[in-house]
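Turn these sequences into a full structure, and let the hints guide you.
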Amino acid sequence: MSSARPITDTAAAYDVDRIRRDFPILARQVHGKPLVYLDNGASAQKPEAVIEAEARCYREFYSNVHRGVHFMSQASTSAFEAARGKVAGLLNAASDKEIVFTRGATEAINLVAYSYVRPKLKAGDEILISAMEHHSNIVPWQLLCEETGARLVVVPISDAGEISLDDVESRINGRTRIVSIMHVSNALGTINPIGEIIRLAHAKGVPVLVDGAQAVPHMRVDVQALEADFYVFAGHKLYGPSGVGVLYGRYELLKAMPPWQGGGDMIRSVSFERTEFAEPPARFEAGTPNIAGVIGLGAAVDYIRALDPAAIAAHEVDLLRYATELVADIPGVRIIGTARDKASVLSFVMDDAHPHDIGTILDGDGVAIRSGHHCAQPVMQRFGIPATARASFGIYNTREEVEQLAASIHKVRDLFA
Amino acid sequence: MTRLAALYQHVVIDHNRSPRNYRPVNPHSHHAVGYNPLCGDRVELFLDVYEGIIRDIGFQGESCAIATASASLLTATLMGRRVDEARSIARRFNAELEGTEPPAGVEGLGELEALLAVRNFPGREKCARLAWRALEAALGGEAALAVTTEAERSGSG
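As you go down the protein sequences, you meet chains A and B in turn. The first sequence: position 354 = 354 (this note's numbering), numbered continuously. The second sequence: position 113 = 113 (this note's numbering), numbered continuously.
If you are wondering where the hints come from, they were derived from the structure by calculation, not from laboratory data. Using N, Cα and C, we set each Cβ at its ideal position, and we do this for glycine too. It is possible that part of the hints are untrue.
Unchecked claim - Just a few of them, taken from the derived set where beta-carbon distance is under 7 Å, the chain B residues facing chain A:
{"id": "1", "residue": "Y8"}
{"id": "2", "residue": "G61"}
{"id": "3", "residue": "E62"}
Unchecked claim - Chain B is nowhere near these chain A residues, computed Cβ spacing over 10 Å in every case:
{"id": "4", "residue": "I51"}
{"id": "5", "residue": "L143"}
{"id": "6", "residue": "V168"}
{"id": "7", "residue": "T398"}
Written out as structure tokens, the structure reads:
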């Protein structure tokens with residue numbers, strides 16, 4: 001992140017008003033107030049281009065994919081496969097064949113857990129995660145551990161919400177079968193030194209899965225430069241449709257993996273004696289996929305790639321800094337997650353108001369934030385709090401919206417303090 | 001009164017800031033924990049019932065303003081009442097929250113009416129209900145059992 005760069009440099013290049021016009025929902029009001037949507041970490045809004053791409057698919061050429069010889073099936077298949085190419089481009093994958101479409105990031109993690117890790121897992125083996133993981137990167141591994149007698153090992157986090165590389169290195173050993181760590185924390189905003197973590201793991205021959213759900217919307221990700229073995233993300237946080245996610249896997253790993261779910265589209269030939277499985281990625285895409293969703297995700301990738309990633313990062317860092325400054329200034333507010341390297345997530349608690357009351361009062365001003373444990377209860381336990389309020393910023397948020405956020409938090413304080 | 005002002009009216013703010021009977025009751029005859037896994041709200045309720053009378057009632061826990069005020073109001077309302085009266089009040093409160101016809105022959109809710117504004121906040125009704133679910137569990141004999149206002153659904157991100 002170019003956090004040291006002066007804001008004025010990019011202000012001219014980054015036209016937030018033009019971007020806002022691309023998102024029809026941002027024009028609406030909530031409780032009679034303009035919508036201030038600051039819950040992008042949970043799910044982002046969709047630009048017209050994505051809405052239109054899905055609608056066009058249904059209006060103009062929808063059919064099942066990879067099946068028919070008729071015109072419509074060919075048209076749908078080619079739009080579907082074009083989206084795969086776009087995602088491969090987004091992540092700089094070596095080949096389109098390394099992109100598997102799933103229902104979301106959660107399913108992508110489960111796919112790796114069951115197809116790649118489970119077959120080689122024995123009692124006493126270890127799986128390494130961090131203390132800041134989302135439940136989706138905890139529970140699949142716990143299920144495997146319960147089944148096999150393997151052990152879940154957890155890298156601790158500091159009071160600022162950071163991982164120390166020494167703590168990672170000391171926990172990787174001959175029994176470690178996989179390291180599975182989030183790129184950016186949804187609850188704290190921490191950007192993990194994922195490249196370093198991958199190097200440490202690879203030095204000991206251990207593969208790494210990166211949960212990039214919160215990273216892909218905010219920064220350029222290059223899976224080859226990172227040397228990631230697996231990288232997962234969700235379409236809906238990248239301004240794309242819900243119900244579609246991505247598993248990137250290095251091809252030689254995918255090729256050696258058994259199928260996860262059986263069904264149509266993932267086979268080469270089936271008889272009752274024997275089934276031959278298709279090559280990746282088809283091997284992992286049993287059944288009719290989310291066709292329009294994948295095509296919509298392709299449009300979201302086109303949309304985001306048309307913007308300058310450095311300008312997005314600078315804009316979001318500016319919003320985060322401004323929000324941190326205004327919110328930290330409010331008496332009784334404590335910010336949770338103060339890592340040096342942070343994405344645009346601002347989690348906080350207040351002395352006299354519970355996060356749910358904060359959420360309700362902000363909602364009255366049209367300000368949408370998340371309140372709760374963010375599917376990261378171990379993080380809440382680490383900080384000794386039941387929940388936080390979280391504002392998370394995206395490409396279309398503005399400094400004025402940050403000011404509205406702060407003004408509404410002042411209201412909470414006036415009511416409760 | 002605006003929607004928000006109705007929700008956070010004086011009675012609720014006051015009971016949240018200075019919860020009544022915020023203490024364990026020992027010894028107690030009935031006890032239950034209400035827990036909402038979605039937001040982490042937790043209300044632990046203690047009752048000392050003797051010959052059908054709630055001689056003492058108290059609660060502890062950590063929760064949002066609505067859940068805390070509801071628990072506080074519950075204890076203040078039910079202190080010294082007969083158990084069958086307490087059940088009637090709980091039935092009436094639940095009926096009013098659901099917007100259904102209150103059962104006949106039950107008195108008005110008094111200060112508890114302040115909580116009924118949650119009807120305009122579908123996401124927050126469970127907060128007002130938490131202590132009452134705990135009461136039901138405690139009186140129903142599911143003592144020391146955790147009860148929840150809803151099944152856990154783990155949302156995204």
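Structure-based check of all given hints:
{"no.": "1", "hint": "Y8", "result": "6 Å, holds"}
{"no.": "2", "hint": "G61", "result": "10 Å, violated"}
{"no.": "3", "hint": "E62", "result": "6 Å, holds"}
{"no.": "4", "hint": "I51", "result": "20 Å, holds"}
{"no.": "5", "hint": "L143", "result": "14 Å, holds"}
{"no.": "6", "hint": "V168", "result": "23 Å, holds"}
{"no.": "7", "hint": "T398", "result": "22 Å, holds"}
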